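Asks: Okay, here's what each chain looks like letter by letter:
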Amino acid sequence: MSNATNENLVNLAAARAEPGQTTELGATIGDVRSKNPFVVAENVDVYYGDNHAIRNVTLEIGKQEVIALIGPSGCGKSTFLRCLNRMNDSIESARVSGTILLDGQDIYSRNLDPVALRARVGMVFQKPNPFPKSIYDNVAYGPRIHGLAADRAELDQIVRTSLERAGLWDEVKDRLDDAGTGLSGGQQQRLCIARTIAVGPEVILMDEPCSALDPIATARIEDLIDELSEDYAIVVVTHSMQQAARVSKRVAYFHLGTLVEVDETDRIFTNPRHKLTEDYITGRIG
Amino acid sequence: MENTTLILTVCLLGVAGFYLGRSRSLSVVGGFAAARNLHSLPGYYGYFTAIWCLLPALAVLTLWFVLEPRVVMALLVDSLPQAQQDLPPGQLNLLLNNVRNFAAGSAIGGETNQVLTDAAAVYLQLQARSRLLLTGLVLACAVLGGVIAWRRIHPEFRARNRVEGIVMLLLVAASSIAIFTTIGIVLSVLFEAVRFFGEVPISDFLFGTNWSPQTAIRADQVGSSGSFGAIPLFTGTLLITGIAMLVAVPVGLMTAIYLAEYSSRGVREIAKPLLELLAGIPTVVYGFFAALTIAPWVRRTGESLGFEVASESALAAGLVMGIMIIPLVSSLADDAIKAVPGSMRDGALGLGSTRSEAMTKVILPAALPGIVGGILLAVSRAIGETMIVVMAAGLAANLTANPFAAVTTVTVQIVTLLVGDQEFDSAKTLAAFALGLILFIVTLILNMAGLRVVRKYREQYE
Ligand SMILES: Nc1ncnc2c1ncn2[C@@H]1O[C@H](COP(=O)(O)OP(=O)(O)O)[C@@H](O)[C@H]1O
Ligand SMILES: [Mg+2]
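Chains A and B, in that order, give the protein sequences. Sequential numbering from 32 applies to the first sequence in my numbering. Sequential numbering from 5 applies to the second sequence in my numbering.
Be careful, since some hints might not be right.
Listed below are several chain B residues computed to face chain A (Cβ distance under 8 Å; list not exhaustive) [said to hold, decoys possible]:
| # | residue |
| --- | --- |
| 1 | Gly351 |
| 2 | Leu353 |
| 3 | Gly356 |
| 4 | Ser360 |
| 5 | Ala370 |
Keep in mind that the hints were calculated from the coordinates and are not lab data. Source: prediction; values computed, not measured. Every residue, glycine too, gets a C-beta built ideally from N, C-alpha and C.
This is chain A alone, in the form it adopts within the complex:
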């Protein structure tokens, strides 16, 4: 979306604003703090070359909390998500400033190894991306490279529990040696989730995990997110209001790289305080 159209949208929103609603793009509205913070982003800015993609975002994510990031495409949801496990490192033009703490530890500090960080902050991608290996090897990949299992029996156990947690075990237990790429789209995405869980992360990042799936597969993933939230902090980017409403406890609305509004899910959907948030969740901007 070009800047001009975005400005028009802001102006449009201003023209239609109801009394009591803000229309400015300034400080974030709502409570960016969490009661039990685990991931803390303070004044984060991200640039891609000259493109200022994330503008001064502060947000806390709690333990055992699902937070949904919503907003029009290009607003920086994926960029913010990738800051949290330093996947932006491999994009040459990307530059991140500000601080991000994981359990009190600065993840951008010099003496932190991004490889070790990514074992703690797992990621599930938009398009299911199982490796061209067997189902077993897909799940065993992470434990193997991190040396999590002492012997084959222990590895088998990790693979089994991960697949069970991802709700895939019953469907694949008889064909663990088949290619992971041969599964259906929804199964592939659950395999990717199992693969992520197998490493034993503390946070799971999901970037539109259902956008390539049919409604039934989507429902299964949503149930899964719900179950997983007992053990992990989960950040999920989504385009679907229903999904955000179903799975998340809090919702953060991004616009043009700015974090516009954060609130409890029920509150933000029933009573958005920023005009742009309202326009987005009622479908006037998309």
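Since chain A is already given, all that's left is putting chain B with the ligands on it; use the hints.
Replies: Okay, now just chain B with the ligands, sitting in the frame of chain A:
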């Protein structure tokens, strides 16, 4: 008219036809303003007329070139006295040759006589008549074709469709040239090889271990009868190809990995064109590099290590051939690595792999089929390579696996069998075709396998 003048004239007629056709199309429809009422753009009517000017005339011209000499010769023979007509074919041919040379004014062997001068006169007359006939016929065809096309022009006439149809036929003809040439080459090699196998049993050729193709050329010559066991050539080819692949595969693969995954953009922008430059060096240059630089170096190094090294060695040729193939391997491997979707890499990194773990455990295995296909293509390239081996590996058909010895390859033997004055039906020259056939079959299989693997693997991710 001379041939060139004739062709030029026909072309001019074609150009004229273009303008006439175009202006007629405009005039039948009533001027520029009404050009919209024409079925096609006016230019197409011009092309249509021009094509009908050119095609029949050029067709007649080609046909004439093919048939004319035979017809003239037949008429000439008819004009000879009965005694000469009854000569055996060999002598008759000699006579006809003499007639032609005499007519052209050049010196001929043997004395001139009445028959000869008469025949020469007849020949000249026939030629002049043929020339006149040809000129008339071609020009008539051009004009007639043009006029017929010109008269067919009316507003509803679908000139564009006609022109496009003819253009398409031309394209088909052009592309079939390559196909028919290939078929022709294969057939000729096949036939000559079959003739060779008539003289030398195929099992002797394929499984014999002694290669010395010198046969006695004259019956009274003392010399070997030739022995055509091709095993030493096969092993020599295999040895050199093996050495080349030992160099090219690891180096090319590591280059590709570095360029695809680790290098900065700046390095890539310099290194890629340089590699392509390496691929563009003529192999003969590699050849003298091998013969003058590498071979002596291999010899010196080998001898200082206590090996006995021939001045031309398989090792020198293999090393240089390996260097020559590096760009091929690295660019095909690079393609294969690039074809692995970025999401695989992201997935691996997202699980906490280091870059090298992502490369060795996920990306390379995923790219492996493409890489294998690329290596097969490279092997086939190495087997077919000639220049380097001619210059650096020697001609001695030794049956050995020693890389310091001189060996020879299939391609080198083909060259040496056919270089110089040869009788084209001795077993010696025919052997070259048999070797060519083997070479063709092996590289064809390798190429097909390689391309198949590469293509299948591409589809997997699309
Ligand atoms: N790899 C990249 N290189 C350069 N610019 C990027 C890259 N990824 C995203 N951007 C830019 O950053 C902005 C935010 O993109 P993104 O985070 O993908 O948005 P979202 O996920 O909300 O759709 C966009 O303007 C986009 O063009
Ligand atoms: Mg995105």
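Asks: Are Gly356(B) and chain A close enough, Cβ to Cβ, to be under 8 Å, as the hint says?
Replies: Status holds, d = 4 Å.
Asks: For the hint on Ser360(B), just tell me whether its beta-carbon gets within less than 8 Å of chain A.
Replies: Not OK, violated: Ser360(B) not within 8 Å of chain A, min 11 Å.
Asks: Tell me if the interface restraint on Leu353(B) is satisfied: Cβ within less than 8 Å of some Cβ in chain A.
Replies: Constraint on Leu353(B) satisfied, holds at 7 Å.
Asks: Classify the hint on Gly351(B) as holds or violated, based on whether any CB of chain A lies nearer than 8 Å to its CB.
Replies: 4 Å, holds
Asks: The hint names Ala370(B) as touching chain A; please verify it with the least Cβ-Cβ distance against 8 Å.
Replies: 5 Å, holds
Hint 4 from the earlier list is the only one contradicted by this structure; the remaining hints agree with it.
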